[in-house]
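With the hints as extra help, turn the sequences into a complete structure.
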Amino acid sequence: MKHRYFVTDDTHIGDLIIGELNSQEMLILLGKLAVENQVVSEITSLLVSKFGFIIEGTNLSFSQINSDDLYPYTYYDLISERVNERDGYLYSNICKIKEYYAGVECEEMLRSIDLDNILKNDFC
55 MKHRYFVTDD THIGDLIIGE LNSQEMLILL GKLAVENQVV SEITSLLVSK FGFIIEGTNL
115 SFSQINSDDL YPYTYYDLIS ERVNERDGYL YSNICKIKEY YAGVECEEML RSIDLDNILK
175 NDFC
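My numbering numbers the first residue of the sequence shown as 55 and each following residue consecutively.
Read the hints as simulated data drawn from the structure, not as lab findings.
Warning: the hint list may mix true and false statements.
[What the hints assert, rightly or not] Listed next, the in silico BS3-like pairs over lysine-lysine satisfying Cα-Cα at most 30 Å (straight line):
(1) Lys104 <-> Lys150
(2) Lys56 <-> Lys150
(3) Lys152 <-> Lys104
(4) Lys152 <-> Lys56
[As the list claims (entries may be wrong)] Derived Cβ-Cβ restraints for the label pairs, each shown as a range:
(5) Gln78 <-> Asp141: 14 to 22 Å
(6) Gln92 <-> Asp131: 16 to 24 Å
(7) Ser121 <-> Gly157: 31 to 39 Å
(8) Gly157 <-> Asn91: 28 to 36 Å
(9) Asp122 <-> Val102: 19 to 27 Å
(10) Asn76 <-> Ser103: 30 to 38 Å
(11) Glu159 <-> Asp123: 24 to 32 Å
(12) Ile72 <-> Glu162: 27 to 35 Å
(13) Gly111 <-> Glu74: 30 to 38 Å
(14) Val93 <-> Asn120: 21 to 29 Å
Just so we're clear, the structure is a prediction, and the values are computed from it rather than from any experiment.
Idealized CB from N, CA, C, for every residue including glycine.
If you want it as structure tokens, here you go:
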């Protein structure tokens, strides 16, 4: 099943992407990418180039994605809900994900994850 994610930061401007990773896998992957990359566009670029995600929309505002007829999706939060129905998307704020994984131990764990293993789906 494909999952839709709105990758953003505290500006609430971001990219809507679709990919195969489930919410738990995506939370770990975004944690790793957020620790190593500071900009939403860099993270989205990596998700597309290395993990096969498809971009559905770029530079979208949070209000636009919740009210625009082009994006009639239901909001779910990646951190607190981790549920994504077919009609929805998971709000994925990289600043909040960094806070979620705050602490030296978590950052060391995230940095130790080998992206090649993620590509092989061996990391969970």
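So, going through the hints one by one against the coordinates:
1. Taking the CA atoms of lysine 104 and lysine 150, the gap is about 23 Å. The hint holds against a cut of 30 Å.
2. Only pairs whose Cα atoms come within 30 Å are accepted, and lysine 56 paired with lysine 150 is accepted, the gap being roughly 23 Å.
3. Simply put, lysine 152 and lysine 104 have alpha-carbon atoms about 21 Å apart, close enough for the 30 Å limit, and the pair holds.
4. The straight-line distance between the Cα atoms of lysine 152 and lysine 56 is roughly 24 Å, inside the 30 Å bound, and the hint therefore holds.
5. A hinted range of 14 to 22 Å for the beta carbons of glutamine 78 and aspartate 141 is consistent with their spacing of about 20 Å.
6. Checked against the hint of 16 to 24 Å, the C-beta distance between glutamine 92 and aspartate 131 comes to roughly 22 Å, which is consistent with it.
7. Here the CB-CB span from serine 121 to glycine 157 is close to 36 Å, well matched to the stated 31 to 39 Å.
8. At roughly 19 Å, the beta carbons of glycine 157 and asparagine 91 sit outside the given window of 28 to 36 Å.
9. Range check, aspartate 122 to valine 102: about 22 Å between beta-carbon atoms, so the 19 to 27 Å window is met.
10. Hint check: asparagine 76 to serine 103, Cβ distance near 20 Å, so the stated range 30 to 38 Å is violated.
11. Remark: the range hint 24 to 32 Å for glutamate 159 to aspartate 123 is contradicted by a beta-carbon distance near 45 Å.
12. Between isoleucine 72 and glutamate 162 the beta carbons are some 31 Å apart, a value that agrees with the proposed interval 27 to 35 Å.
13. As the Cβ distance of glycine 111 to glutamate 74 is approximately 19 Å, the hint placing it in 30 to 38 Å is violated.
14. Hint check: valine 93 to asparagine 120, Cβ distance near 23 Å, so the stated range 21 to 29 Å holds.
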